[in-house]
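Number of protein chains: 2
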Amino acid sequence: MKKIASARKARTISNPPAIPSVVVVGSVAQDIIHTPFTSSGLVLGGSAVHFSNAASFFTSVGMVGVVGDDYPLKDLDFLRKRKVDLSGVDVKPGPSFLWEGRYLENFLSRETIRTELGVFADFKPNLPQHYRSPKILFLAAIHPQLQQQVLNQVHRPNMVAIDTFKLWIDVAKPEFLKVLKRSDLFFANDDEVRWLTGEHNLFKGAQALRKMGPKWIIVKKGEHGSFLMGEQGIFLSNTYPISDVVDPTGAGDAYAGGIMGHLAAEGRLTENGIRRAMGWASVIGSFYVEGFGPDGLKQVTRTQLQKRYRDFYRMIQVP
Amino acid sequence: MKKIASARKARTISNPPAIPSVVVVGSVAQDIIHTPFTSSGLVLGGSAVHFSNAASFFTSVGMVGVVGDDYPLKDLDFLRKRKVDLSGVDVKPGPSFLWEGRYLENFLSRETIRTELGVFADFKPNLPQHYRSPKILFLAAIHPQLQQQVLNQVHRPNMVAIDTFKLWIDVAKPEFLKVLKRSDLFFANDDEVRWLTGEHNLFKGAQALRKMGPKWIIVKKGEHGSFLMGEQGIFLSNTYPISDVVDPTGAGDAYAGGIMGHLAAEGRLTENGIRRAMGWASVIGSFYVEGFGPDGLKQVTRTQLQKRYRDFYRMIQVP
Chain X
3 MKKIASARKA
13 RTISNPPAIP
23 SVVVVGSVAQ
33 DIIHTPFTSS
43 GLVLGGSAVH
53 FSNAASFFTS
63 VGMVGVVGDD
73 YPLKDLDFLR
83 KRKVDLSGVD
93 VKPGPSFLWE
103 GRYLENFLSR
113 ETIRTELGVF
123 ADFKPNLPQH
133 YRSPKILFLA
143 AIHPQLQQQV
153 LNQVHRPNMV
163 AIDTFKLWID
173 VAKPEFLKVL
183 KRSDLFFAND
193 DEVRWLTGEH
203 NLFKGAQALR
213 KMGPKWIIVK
223 KGEHGSFLMG
233 EQGIFLSNTY
243 PISDVVDPTG
253 AGDAYAGGIM
263 GHLAAEGRLT
273 ENGIRRAMGW
283 ASVIGSFYVE
293 GFGPDGLKQV
303 TRTQLQKRYR
313 DFYRMIQVP
Chain F
3 MKKIASARKA
13 RTISNPPAIP
23 SVVVVGSVAQ
33 DIIHTPFTSS
43 GLVLGGSAVH
53 FSNAASFFTS
63 VGMVGVVGDD
73 YPLKDLDFLR
83 KRKVDLSGVD
93 VKPGPSFLWE
103 GRYLENFLSR
113 ETIRTELGVF
123 ADFKPNLPQH
133 YRSPKILFLA
143 AIHPQLQQQV
153 LNQVHRPNMV
163 AIDTFKLWID
173 VAKPEFLKVL
183 KRSDLFFAND
193 DEVRWLTGEH
203 NLFKGAQALR
213 KMGPKWIIVK
223 KGEHGSFLMG
233 EQGIFLSNTY
243 PISDVVDPTG
253 AGDAYAGGIM
263 GHLAAEGRLT
273 ENGIRRAMGW
283 ASVIGSFYVE
293 GFGPDGLKQV
303 TRTQLQKRYR
313 DFYRMIQVP
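Going down the list, the sequences are from chains X and F.
Read in our numbering, the first sequence has 28 at position 26, and its numbers run on one by one without any break.
Read in our numbering, the second sequence has 310 at position 308, and its numbers run on one by one without any break.
Pulled out of the complex, with its shape left as it was, chain X reads as follows (with noise of 0.2 Å):
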């Protein structure tokens, strides 16, 4: 086993490794994408690509992942540019993890065609030393036990925010439901809340989801929005308007990365501080739906996404 960045440790021997804000654990994948309109070829995936993309756009991520060695390591170079530590990314010999998936009927629907999990399957999370006291930690949606051997890793990060997927509840949910426990912010689809609470209503359900652990929950609703529910009630957030959805694989771990990274930057981690990310999060997501894989946000300028946020701002502001 290697590490991406080598020439990078090295040099910190003497200047040691800055602490990341974020750490992030998920997959590095690749992905092959057809829409309603067209297909993408095979392009970078996976959930700590996604999510480290947004992130990174206001403040300094570490990723942590596996790929093998057929993986196109010079593709991740825009992540590198944005400061993103790519230390925790472990190369093995085998294939990369690969999807390849089709949406349907105007995105209202996603079919999966092939899954190769490669040397993901053998994922064993291992955080560098200077990963493991990151003010914000995120686990995005593998297997909990993976999830609680990294939560064992880490001392005291100031807010542990995790996703999950429904396979997980599935085959491991008492698991899910420890690392639920020790979370302080757990990202939820709609069906997953009903499926871990039996409640139809989402917000009975957020609450419910409040008592097993995490002080606050996000409620994503894809195109129709979503809503955090925590100390202070709900907050109702709406997704920023798109006309020409080319793909929107990535986009949901890009929402992720955009609160996290925003909340990371202001440096107080509250809920009013949650709120706030909230809309900027639209925001990223936005423009990670225009584009395939994570190609939406690459080229984007900060003042490209402060002017978007303007208009969206002005979209929501009662008058």
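Just so you know, the hints here were simulated from the structure itself, not pulled from any lab data.
As the structure is a computational prediction, the values presented were derived from the model and not from experiment.
Warning: the hint list may mix true and false statements.
Note that identical chains are pooled: a pair holds if it fits in a single copy or bridges any two copies.
[What the hints assert, rightly or not] With a Cα cut of at most 25 Å, we get these calculated BS3-like pairs of lysine-lysine:
hint, residue 1, residue 2
1, Lys-126, Lys-175
2, Lys-206, Lys-309
3, Lys-126, Lys-309
4, Lys-223, Lys-206
Chain F: place on chain X using the hints.
Quick look at chain F alone, frame taken from chain X:
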């Protein structure tokens, strides 16, 4: 044919009746509603009733409709107390409009059990003289030919707002398009936007509708909120979160009534005024779904309405 409140009319020989700020033309009915949890028995129904119930919170309303001689006119007293002018409601020999329906799967869909049009089948709107120059005219979802007849009876209202049903688009699209052309504000639901414009994307669809006449389009998405498309672009509005829905019947008409009533009360018919009114109407809608038919809003006081609006404002305000 007789008119309701003839005593009042007689009184007004020397004292001309006040011109209502908002005039609504629509159905006045009785409904029997079955939900996944319970049934309503006979309750008041009809778009004009729900609209007036909401609008009269803010301003004076004149109702135009028709009922049979079996209609429980006493049950409309709560509207009269709120200064709704009922002199435009004809009473004709024969049965009143009756609708019976059932909500399924947590209110995700609805089926009609029976529709008995009764005297509503021959509804010929005939506006009382003092209704013919209102600030705002609202045409509920009646046949486009009737909507046109009403338009021909009024003298330059400051605003004409309209609603419709898919049925009218199916059976009388050319007539509906003429009404659309003569309107300032069109309340559409997401399906109607798609049927009328062929655009799947609601924002593109709403823009296309603006080219067909109205300056403003409000697209209603039920629990997922609504948006306004106007000269200043898009305004996104949320649905007030409700944990225990009793009956959504009439909430869409009440939403329109809340907007038109608040707008008329403010006096100036501006786009910013519509944006402000949408927030108040969300709160009106939230009370509406908490009871059968109009009951959810019947007993609500101004203080309760204002309190819930303040709560709502905190839920959407970026801190």
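Taking the hints in turn, this is what the structure says about them:
In this homomeric assembly, Lys-126 and Lys-175 come within 25 Å of each other (Cα to Cα) only inside a single copy, at 20 Å, whereas the closest approach across copies is 62 Å. For the identical chains of this complex, Lys-206 and Lys-309 are inter-copy neighbours only, at 21 Å across copies versus 36 Å inside a copy, given an alpha-carbon limit of 25 Å. Taking identical chains as interchangeable, the C-alpha atoms of Lys-126 and Lys-309 are never at most 25 Å apart, the minima being 41 Å within one chain and 52 Å between chains. Proximity of Lys-223 to Lys-206 under the C-alpha cut-off of 25 Å is found in both arrangements, the shortest distances being 15 Å within a copy and 21 Å between copies.
The structure shown violates just one earlier hint, number 3.
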